Amino acid sequence: MKWLRNKLDQARKPFEPGEKYEKFAPAINAFDTFLFTPNHTTQKGAHIRDVSDLKRTMITVVLALIPALIFGMWNSGAQYLYQERGLSSVLDVPFMDAFVEGAILVLPLIIVSYVVGLTIEFIFAIYRGHEVNEGYLVTGLLIPMIFPVDIPLWMLALSVAFAVLIGKEAFGGTGMNILNPALTARAFAFFAYPLYMSGNAIWVHEGSTDAVSGETILGALASGSYDGQISGAASNAVAFSNPAAEAGTSVLAGIDFYDMFMGFIPGSVAETSALMIIIGAIILIATKVGSWRIILGGLIGGVVMGLIFNFFGGLGEDFVTQLVDSGRITMDQVLNDAGAVAALELGGWDATLLEMGTNQLFNFPFYQHLVVGSILFGIVFMATDPVSAAQTTKGKWIYGILIGFFGLLIRIFNPAYPEGIMLAILLLNVFAPTIDHYVIQGNVNKRKKRLKKAKVQLQAA
Amino acid sequence: MSKDIRVRKGLDLKLKGVADKSIVDAPRSSVYAIKPLDFHAVVPKLVLKEGAKVKAGETIFYSKYDEPVKFVAPVSGTITEVVRGAKRRILEVRITADAVDEHVDFGKMDPNTAEAAAVKTRILEGGCWPFIIQRPYDIVASSEDTPKSIFISAYTTAPLAGDVDFIVSGKKEAFQAGVDALSKLTSGDVHIGVGKDSKLGSITNAVVHKVKGPHPAGNAGVQIHKIDPINFGEKVWVVGAEDVATIGNLFLTGQFHGERTVALAGSEVADSDRKYYRTIIGANVSTLVSNVNTNETRIISGDVLTGDKLDNNQFLNFYYNTVTLIPEGNEYALLGWLPFTRNNIPSISGTSLSWMKGGRSKVDTNLNGEERALVVTGEMEEVLPMDIYPMQLIKACMAGDIEKMENLGIYEVAPEDFALVDYINTSKLEAQEVIRLGLDLMITEVG
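So the sequence lines, in the order shown, correspond to chains W and A.
When we follow full-length UniProt numbering, the leftmost residue of the first sequence carries the number 1, and every step to the right adds one.
When we follow full-length UniProt numbering, the leftmost residue of the second sequence carries the number 1, and every step to the right adds one.
This is chain A alone, in the form it adopts within the complex:
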């Protein structure tokens, strides 16, 4: 069964440095880290302490308020350091890896014949539950819930982001097993959004939707909004495409293989290095890029719109399929506000002639202005393909007006849906942060 979704609003940013579609193995990292901060709103309870030996798939910590949700070691080795921040908050659990991984064996299971409860328990025990993200709130799903549907987006539209359809098409068997397992967890359907040339059209146990349109059409949030919008009290789950394959692998092999295929992209990456790397969740970024002058170049785990800023020797984010390197833009521009100048930066503004420029652009991290009051109207609507009033929703979040936030559709959005609002906004508003704070407020007030 296939249904088409056409998204008209949005913006495709054509940036320099797209990764070539070839996959190579990245060098094995000597140290890996699981970062609790990657799991929003999860309070970690450590199971193992520094010095403990772990196998890949062994629980390191669990969620304090949802104990069945386990966070496991991606590799086997020794826990060498638990890095803590203010108030002893756990920032990283570092594992010095063995030369070859030893896995915890959970036993093989056929998700099609297994009971739904057994499938769920396996995903929880096997450490794959953190891959399941709940909407509303964009947090790790509760182990007690049954969602009305599950969404997987295999259509990549974010600038320079790793093409998950390409990544997953090489793991089709595991992906199918993952879909089979997930279909046991919902009372509704598993929906997969794919591009028009996707090889995932033949996946069974799911409704495949052909998606077309500019970014953020590839965001699960946009696809949910078009296919099965979230109402008050309803829950929908979202799983990353490669993560579905990881879940499938757990059932096929009985082991947790935290493989992560990462596209190394961006204008600051040498041409020969711009490709896809097979690595493991939590690997050190130095296995992909080394000796980067971070005063001149920004390392981003993730895409340029939503990723996390990394320093040298920091560790990859749990979820992202991309590492991007772009120039830092800490430079002044003489009379940079003059209309019709600096047309090299892609813009939706009519005060720029960037639309005349063909090809891909090199863009840096300069804010290109200063934060101001919200003045210009109508621009946010151009890049948010949802039946939602973005400016009004943002203002409601800023004001902490819960009823208004509910009425204006806060349950349907995630910060990533507002990434382009961050990009285009004339007032240099931090829209993603505002939405995140709004969602956090809803978690504490509404639950």
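Only chain W is shown next, with the shape it has when bound in the complex:
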């Protein structure tokens, strides 16, 4: 250790104040402080300090992300190989084959994300003369985890650059940003390169080729072609199944809750496995790095919204069954073109009921909503970003609940992009300061009321 320390001290010399490369000190400091916690002692305030610092906090988040990332690598490879090799299950792919295939796909994403993002961070640290903040350790890993596996690297690089430059540094750097940087990257890519970020063909490696389907459950639900686990009266179940899926042409046929929970489904690189995300959540909550209030609030919001939609979906299903039974429309009409059915002068509430009865996302059970798509990943790893989240205790509850609420609302009502959690979190990022403002205003008002009371007492005296 001493040998390494001496070497480092020697290497640092040209970067000391007054020396030739003084300006580049933040860069060498970043490497130095990564290896060694510095020998700085307290000079002001409390003479002793807690062991926790930002590096430790950020590394803990990285630690919490590792299970989902490892699983994501495996799943990215497995989803591709099982279709390409024509196997009957994802689990039939040999583990190492899947993992190596996935690693080859995912590692370049991680490398590009870190190289581009950290380069910008270093440039800004040198330009502004402050230390390199550790926040990008987490952001840099999160970004590749929430992108489709086949995203071209240059698009990823541009998204990262946009997120760091416009999403963070423009606001003053780590701690000052309004939006979650990782989601800013995803939002940028989503709007700039929609073909590569949405639709049903992109979620599995080479998903657009004939041999492989890249469809996700949410995509299938939004387009009405999912035949998996839609609940409802058994008699209705058949009415909502897709003939194509029945014929076994959809890769999603037969996926059940277990698969969704474990994550053996197509999706963004590391957001498919609820189990791995829950392990991450446990790490975040146990280490107090992530706010359990936001996570629990998000789940409550999601469950409540899911239940509301399931209730109306149930009403819709009953209505459709009544229509078919009464002979007003035929099952073919329901299956082939719900819009045409609506045109049968149903109008008003009846048309709405018909829509709710035929929209598969309405009838998708609420608990299954929580394990597909990126809602869980978003709530656990994105919503809990302390900089862009609400900062007050009460505010965290409100913020979390609204994210779950809006996440499902956008998912169900926006057929073009069923993954609503990204938009919900970004929306609440923007409103977090407002939520905090009103929570704090409550405290301010309490103080003002107390003052008023004291004045009245004083006058009485």
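A portion of the hints provided could be inaccurate.
What the hints assert, rightly or not - Calculated pairs, DSBU-like style, for lysine-lysine (alpha carbon to alpha carbon, straight line, at most 35 Å):
| no. | chain 1 | residue 1 | chain 2 | residue 2 |
| --- | --- | --- | --- | --- |
| 1 | W | Lys446 | A | Lys196 |
| 2 | A | Lys9 | A | Lys226 |
| 3 | A | Lys171 | W | Lys452 |
| 4 | A | Lys171 | A | Lys45 |
| 5 | A | Lys395 | W | Lys394 |
Worth flagging that the hints you see were computed from the coordinates, not collected in a lab.
Remember, predicted model here, so these are calculated numbers, not experimental data.
Using the hints provided, position chain A relative to the given structure of chain W.
Frame of chain W, contents of chain A only:
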């Protein structure tokens, strides 16, 4: 009359080196010093010059903007040096002490029967007014004010700090006289916060509150917040428990006896030396500790969270009942940021397993990281048992937003209430300094 206060938020730091509860006399210091910097926002006007002979209790300087507030010599002797800093600011007035003290005699007075004005004048003349600290702003009280209440905390919670309840219980008569005198100065009550086993429960002329909970429950600021919070325009005074006894002594004996009982604590103090020492305000620290290598050991006048760093041969702070010695932590730690390592340092962070470690810890002065932007939220609230948003208040102070500072409760806090925020903060923010600067801004802008 007794009311109980229970504080739930906070943190008790269990550190190595608690002083044994036995009191001995410290050797008499050859030189004593009164340091104007101990009295925040006071501009000193010297009365006596170098070479002047002084008696204990004789005025050395007064406050330029509040002339009745006198600062007196703690011992009799000769003023040998006035140490000045930049712009000729007075840093220390050093007095070479006589072998035996000669006191100015102010005459005995019974505070219970005396007029309130006479009591006040006696405290001012007798040099005891600087013991009275005003909230808001945490400065020496103005001699023109009448506070809505006066608070005395005899409940010590700061790590390794001298137990003032133990110190004062041996001076109960003087303490009672001090309380009697102070009760004449307020339109409201004198409140005393005590621990559950305190012997001060029988004190009269005051409301005694039993306080329970972790640090900073012993801070007067926390007790004020729970009992009688400060609103805009209101003033509350705070007096240290031993200082109350010193005020009482002024009335009982007619003389200023600046006795200060100091707990010598910390992991770097030899076991046999760790006890309470009877000394005098402004004594040289070498009378308590000698030959300390200050590259390896930090001498703190006060507790580890709020005290002042001293070098060898410097002088004790005017107010503190503690001297702490802890190791300097100027060492590198290989991969020190790894979670679940360095668990010997007490931590509220879940990335440390310090909660599994029993017993007391040896802690050094290493910052354990570097200063960063404020990122982690919710941690400050865990150690501040007040209905105040600490992070928002700190940000308002940093921004100098006076209205926001007022709204968020700046009048109710003192830097010491944010000492634990200094300790736990992940971003290594200097919260006490930020609050002090915020309060200073309020003094100049609001007054």
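Check: Looking at the structure, which of the earlier hints fail to hold?
Finding: Hint 3 contradicted; others consistent.
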